[in-house]
Amino acid sequence: MKGWMYILKCADESYYTGSTKNLEIRLNQHRMGEGANHTAKRLPVELVYFEEFNRIDEAFYREKQVQGWSRKKKEALINGMSETLHELAKCLNRTSHVGFGFAQPTESFAPSTDGSGQPGK
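All you need for this note's numbering is the position in the sequence shown, starting with 1, plus 1183.
It is possible that some hints are incorrect.
Derived pair list, reagent style SDA-like, types lysine to any residue, alpha-carbon separation capped at 25 Å [claimed, not checked]:
1) K1185 <-> K1247
2) K1204 <-> G1218
3) K1224 <-> K1185
4) K1204 <-> H1269
5) K1192 <-> G1216
6) K1224 <-> S1253
7) K1256 <-> M1215
8) K1192 <-> L1230
9) K1256 <-> T1267
10) K1256 <-> H1269
11) K1255 <-> M1184
12) K1224 <-> H1269
13) K1185 <-> Y1244
14) K1255 <-> L1226
15) K1224 <-> N1237
16) K1247 <-> R1214
17) K1257 <-> L1226
Pairwise CB distance ranges (calculated) [as the list claims (entries may be wrong)]:
18) E1217 <-> E1266: 36 to 44 Å
19) S1265 <-> E1217: 30 to 38 Å
20) N1211 <-> T1267: 28 to 36 Å
21) H1269 <-> G1216: 18 to 26 Å
22) E1196 <-> L1268: 29 to 37 Å
23) E1207 <-> K1247: 18 to 26 Å
24) E1217 <-> E1270: 32 to 40 Å
25) E1217 <-> L1268: 27 to 35 Å
26) R1214 <-> H1269: 17 to 25 Å
27) E1217 <-> M1264: 31 to 39 Å
The set of hints was computed from the structure by calculation and includes no laboratory data.
Just so it is clear, CB atoms sit at the ideal spot from N, CA and C, and this is done for glycine as well.
Put together the whole structure using the sequences plus the hints.
Spelled out as structure tokens, the structure:
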């Protein structure tokens, strides 16, 4: 069963990272205040990034990986700055990358910022 890892930007400018089997339904839950406590208290929320996986467990592992990232690293991912991600990944914490090397998204998406409504990659 497919899964998605997604990042929402909340009204207070914080980010929420989650995973789900049905992205459309989950986004509607968040927008109606029925999602996580974090988003329910920070409406409205905006989808700023997602990745599609072949299996929900891969999306869940990716969620946990991204949740541990700094704000700058999340913003580099959202903005498609892979070269910056590599630099921001350097750290002294020897356990920061344990167990997260196998899940690869089948597709990623960041909504366009040019107003065209077309996906930006």
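Now for the hints, and whether the structure bears them out:
1. Proposed proximity of K1185 and K1247 is supported: the alpha carbons are some 17 Å apart, at most 25 Å.
2. Note on K1204 and G1218: the hinted pairing holds, with a Cα-Cα distance of about 14 Å set against a maximum of 25 Å.
3. For the given pair, K1224 sits about 29 Å from K1185 by alpha-carbon distance, which is inconsistent with the 25 Å threshold.
4. Among the hinted pairs, K1204 with H1269 is inconsistent with the structure: their alpha-carbon atoms are about 29 Å apart, more than 25 Å.
5. Between K1192 and G1216, the direct Cα distance comes to roughly 14 Å. Compliance with the 25 Å bound is thereby established for this hinted pair.
6. Of the pairs offered as hints, the one joining K1224 and S1253 holds, with about 21 Å between alpha carbons and a cut-off of 25 Å not exceeded.
7. The suggested pairing of K1256 with M1215 is violated, with an alpha-carbon distance near 28 Å, which exceeds 25 Å.
8. Note on K1192 and L1230: the hinted pairing holds, with a Cα-Cα distance of about 6 Å set against a maximum of 25 Å.
9. A distance of roughly 8 Å separates the Cα atoms of K1256 and T1267; the hinted pair therefore holds under the 25 Å criterion.
10. A distance of roughly 9 Å separates the Cα atoms of K1256 and H1269; the hinted pair therefore holds under the 25 Å criterion.
11. Proximity of K1255 to M1184 is assessed by CA-CA distance (about 31 Å); at most 25 Å being required, the pair is judged violated.
12. For the suggested pair K1224 and H1269, the alpha carbons sit about 33 Å apart, so the restraint of at most 25 Å is broken.
13. The suggested pairing of K1185 with Y1244 holds, with an alpha-carbon distance near 13 Å, which does not exceed 25 Å.
14. Under the criterion of a C-alpha separation no larger than 25 Å, the hint pairing K1255 with L1226 is consistent with the structure, at around 22 Å.
15. Distance hint between K1224 and N1237 is unfulfilled; the C-alpha atoms sit about 31 Å from each other, more than 25 Å.
16. As the CA atoms of K1247 and R1214 are separated by approximately 22 Å, the hinted pair is consistent with the 25 Å bound.
17. A C-alpha spacing of about 20 Å is found between K1257 and L1226, which places the hinted pair at or below 25 Å, so the restraint holds.
18. In this structure the hint that E1217 and E1266 lie 36 to 44 Å apart at CB holds, the actual value being about 38 Å.
19. For the hinted restraint 30 to 38 Å between S1265 and E1217, the CB-CB distance of approximately 34 Å keeps it satisfied.
20. A hinted range of 28 to 36 Å for the beta carbons of N1211 and T1267 is consistent with their spacing of about 32 Å.
21. Checked against the hint of 18 to 26 Å, the pair H1269 and G1216 fails, with Cβ atoms roughly 37 Å apart.
22. Separated by about 21 Å at the C-beta atoms, E1196 and L1268 break the suggested range of 29 to 37 Å.
23. One distance hint, 18 to 26 Å for the beta-carbon pair E1207 and K1247, holds here, with the actual separation near 22 Å.
24. Between E1217 and E1270 the beta carbons are some 38 Å apart, a value that agrees with the proposed interval 32 to 40 Å.
25. Range check, E1217 to L1268: about 32 Å between beta-carbon atoms, so the 27 to 35 Å window is met.
26. Distance hint for R1214 and H1269: a CB-CB separation of about 34 Å, inconsistent with the stated range 17 to 25 Å.
27. Between E1217 and M1264 the C-beta distance comes to about 33 Å, which sits within the given range of 31 to 39 Å.
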